[in-house]
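Following the hints, put chain G in place on chain D, whose structure we already have.
Chain by chain, the residues:
Protein chains: 2
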Amino acid sequence: MQLTLKLKTWEQNLTVQNLTASNLAETETIKDPYNPSPSLTNLLDLTATDMGRINELILKKAHSSVDMIPQLATHLIESGGKRIRPMLTCATARLCAYEGLNHIPLATSIEFLHTATLLHDDVVDESDMRRGKKAARLLWGNQASVLVGDYLLGQSFKIMVGVGSLEALKILSHASAVIAEGEVMQLATAGNPQSSQDEYMEMIDAKTAALFVAAAELGAVVAERPDKERQALKQFGKNLGITFQLIDDALDYHGESASLGKDIGDDFRDGKITLPVILAYQAGTKDEQAFWQRTLGEGTIEPKDLDTAIELINKYNTIQTTIERAHHYGEAAKKALSIFPATPWKHALLDVVEFCVKRGN
Amino acid sequence: MQLTLKLKTWEQNLTVQNLTASNLAETETIKDPYNPSPSLTNLLDLTATDMGRINELILKKAHSSVDMIPQLATHLIESGGKRIRPMLTCATARLCAYEGLNHIPLATSIEFLHTATLLHDDVVDESDMRRGKKAARLLWGNQASVLVGDYLLGQSFKIMVGVGSLEALKILSHASAVIAEGEVMQLATAGNPQSSQDEYMEMIDAKTAALFVAAAELGAVVAERPDKERQALKQFGKNLGITFQLIDDALDYHGESASLGKDIGDDFRDGKITLPVILAYQAGTKDEQAFWQRTLGEGTIEPKDLDTAIELINKYNTIQTTIERAHHYGEAAKKALSIFPATPWKHALLDVVEFCVKRGN
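Chains D and G are the protein sequences, given in the same order. Under my numbering, the first sequence has 178 at position 198, and the numbering climbs by one with no breaks. Under my numbering, the second sequence has 201 at position 221, and the numbering climbs by one with no breaks.
Next up, chain D with everything else stripped away, as it sits in the complex (with noise of 0.2 Å):
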């Protein structure tokens, strides 16, 4: 109820100054001294019953007479991916003061439209490895892989549409069209170390931080939020995605197999141009420039190759500078917080953006 109360007082004294979104940068921000810490630990806390409610929807809805639907779903929804996306939907909610039980359908919404992305991007990577488990392509084919996951993306609208709430939808209407833009962006650019940082960006905003932003959105939306705040957990999500991405990019070349689930180089083989690829190549030789046109671009790939690819990326540090530039985008998500008042929801929120940067170091 002290919670409540604050936020109300709170929410009052931001509609008397009339703020808007366009001069969210000039508000004044919320004092709060919190240091986060890089640990999903308070969110996995504070969203345990939330959570519990969710993965029992999931299961729910990912069943069907077809058996093969729920055999494949499950294997991969049960393959302990950590849930980011829809406990942040659970978070923003809270962290907006709803108290009803919507964001639970809208969390499942948004987990089922990643899972649904997953199976497709295996299907176009043709990885072997998913959440440390086999790719579900590999045990039921990569026929089946396209059509589950067709299945839980018309699941993941219906579970939507049931909630009722148009403006839900506009949400995840758009970044199903988004995330799949970005998905072919990526497969446009692949084979291309030419590429530039800006069509990188423009990528991984696509294929990965519009679902963050959606996943944040939502919270404020289901809580029916003045548009300030929407727009904030908007940046929220945006900032929090691309750090997700770069680390995740970063990591695949000098990360470990088990805290990535899947094999060291798998972007290096499958051709994929990340930041600290195109580091090294705008800043590398004509003769390491060759280099990655033979193994990314040509796809001529020889066993010591990716060794080669990992010394090149250290000798220009690129690594290190994707990192930093991830730190950045965490700051900047964590800034987008701070017109939130302190509470252990902005803490918890706050925490995960430190977890997702410190998964490079």
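Mixed in with the good hints, there may be bad ones.
[As the list claims (entries may be wrong)] In silico DSS-like pairs for lysine-lysine, Cα to Cα no more than 27 Å straight-line:
#1 D/Lys214 / D/Lys338
#2 D/Lys40 / G/Lys150
#3 G/Lys40 / G/Lys62
#4 G/Lys284 / G/Lys266
#5 D/Lys284 / D/Lys113
#6 G/Lys62 / G/Lys315
#7 G/Lys150 / D/Lys150
#8 D/Lys150 / G/Lys315
#9 D/Lys252 / D/Lys62
No wet-lab data here; the hints were simulated from the structure.
Just chain G now, with coordinates in the frame of chain D:
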């Protein structure tokens, strides 16, 4: 105006009689001596203006700043499909005396969902041809076909969300999940010639009829007509969709490549279990069953096997039985329209049924 007036009077009569969907069968049908012709001409003429608007919207919404998306999407979109599904939405809306323009985006949304399904189908079936042209997957690759299909699915929902009708969204999201279920069913029964007729009927009901149901039902929904008409149009769509698929499956063993837009025997080579095969298997000798098992079951297909398959199908007259069954569903489709007054729209829809049935002759 005459038409609208007529419909209103007729609807009032129905309301007085307190008719509901459950006693639809007992409803007095409206006398209409029209003798349908197996042609799309009437429908094409009547919907010409609307279809012009729809084609414009389709091209507009297939656009994206990511070049590969419109390139691939328009290759399929402009390859001269008959657009029966969006025409159904137009015709049923006008049959229901709708005078607005919301059926334009709804019909576009239906066509996008259909196009997305075709792109994914061609990947799943490894098809080389679609609508008489090279399949998109051969020109842009399987990966792009999967992802552009996802984009079109997202756009389909975005367009539908734009209309702002939760009822319409329920129909579309339900259809998209059911279609995917039907496709998975097809995958699960592939290679099993012992599949039952019931399994087959359930499968085509989901993978094909569900979208015809949605397309036809949307006409009543956009016109805000009573449930009775909505149910009648659902029945119409369902029976028409089943008719359509039965004839398609018959044509795969005896049609002409040009009218199919694909090659004769494609289903056979893909191990697809369709009614002509199920009936031939059930009637067959042990040796004949072993033939089906070797070819469709185990996928060991030799050059002359298609000829043998066609011989066996002819021996048991199963094409004829399939076409007869299509006739039966066609009659049910026509009967479902019997509650609607005699108008050019109704006649054009009756012609569509006749057209679908007669494709098999």
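*For this structure, which hints from the list above don't hold up?*
Of the numbered hints given earlier, the structure breaks just one, which is hint 8.
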